[in-house]
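> Single-letter residue listing:
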Amino acid sequence: RKEVEQDPGPFNVPEGATVAFNCTYSNSASQSFFWYRQDCRKEPKLLMSVYSSGNEDGRFTAQLNRASQYISLLIRDSKLSDSATYLCVVTLQGAQKLVFGQGTRLTINP
Amino acid sequence: DARVTQTPRDKVTEMGQEVTMRCQPILGHNTVFWYRQTMMQGLELLAYFRNRAPLDDSGMPKDRFSAEMPDATLATLKIQPSEPRDSAVYFCASQGPGELFFGEGSRLTVL
Chain A
317 RKEVEQDPGP
327 FNVPEGATVA
337 FNCTYSNSAS
347 QSFFWYRQDC
357 RKEPKLLMSV
367 YSSGNEDGRF
377 TAQLNRASQY
387 ISLLIRDSKL
397 SDSATYLCVV
407 TLQGAQKLVF
417 GQGTRLTINP
Chain B
10 DARVTQTPRD
20 KVTEMGQEVT
30 MRCQPILGHN
40 TVFWYRQTMM
50 QGLELLAYFR
60 NRAPLDDSGM
70 PKDRFSAEMP
80 DATLATLKIQ
90 PSEPRDSAVY
100 FCASQGPGEL
110 FFGEGSRLTV
120 L
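Chains A and B are the protein sequences, given in the same order.
Residue numbering for the first sequence follows my numbering, starting at 317 and increasing by one per position.
Residue numbering for the second sequence follows my numbering, starting at 10 and increasing by one per position.
Derived by calculation from the structure, the hints in this document are not laboratory data.
Treat each hint with caution, since some may be false.
[What the hints assert, rightly or not] Simulated pairs of lysine to any residue, SDA-like, Cα-Cα distance not exceeding 20 Å:
| id | chain 1 | residue 1 | chain 2 | residue 2 |
| --- | --- | --- | --- | --- |
| 1 | A | K361 | B | R12 |
| 2 | A | K318 | B | P70 |
| 3 | A | K318 | B | L55 |
| 4 | A | K358 | B | P70 |
[Claimed, not checked] Interface residues of chain A toward chain B, partial, derived using beta-carbon atoms under 7 Å:
| id | residue |
| --- | --- |
| 5 | E359 |
| 6 | P360 |
| 7 | M364 |
| 8 | F416 |
| 9 | Q418 |
| 10 | G419 |
[As the list claims (entries may be wrong)] Non-contacting residues of chain A with respect to chain B, defined by C-beta distances greater than 12 Å in every case (computed):
| id | residue |
| --- | --- |
| 11 | T340 |
| 12 | G370 |
| 13 | F376 |
| 14 | R382 |
Fair warning: this is a prediction, and the values are worked out from it, not measured in the lab.
For each residue, glycine too, the CB sits at the ideal point set by N, CA and C.
Could you build the full structure based on these sequences and the hints that come with them?
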């Protein structure tokens, strides 16, 4: 079983829609969690950290469920510019080893 | 504007040739990662260093891959001999207190 698993998609949604992704992790000792965004032929960049209490940054909301070992990302009022691949990241080994999921590809359609 | 710098950006080589990729981490960042990205496997962690010491290279094929940090400003990933299945984008990333910053990647094609 992979350490971090995501639905690869693709997700195709109309502009303005709300879309949500989940990511599951296998190691209950995982300590930190993040969402990264990767545009086509570019490097991944940090979108947001995921805190135990959940956190929100504008139209983006991230949540952590330790009991079920998953994290989620919710995008409200989606924009064309949100089209990208969203990567779930989990840290292991005392928060030193960062493991990425395969990514979920999202396309926002006009 | 601090950033991670990788060279080469693109490399096309023939099977059996040696390939060396270089990375200059952000000054002051003490943890450096090498990842490989393919369509099939996504981002795979190959190796990472902390304060120039290798901490984990279990993701790297040992027989042909080697990773080093000869000094704090340079990390290298070497493949010898290269094979077509090594074709991928290789990312270097450095981490200070918090966020992981990626270089733009080295796109390797082995014919």
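> For a quick check of understanding: which of the numbered hints are violated here, in increasing order?
4, 7
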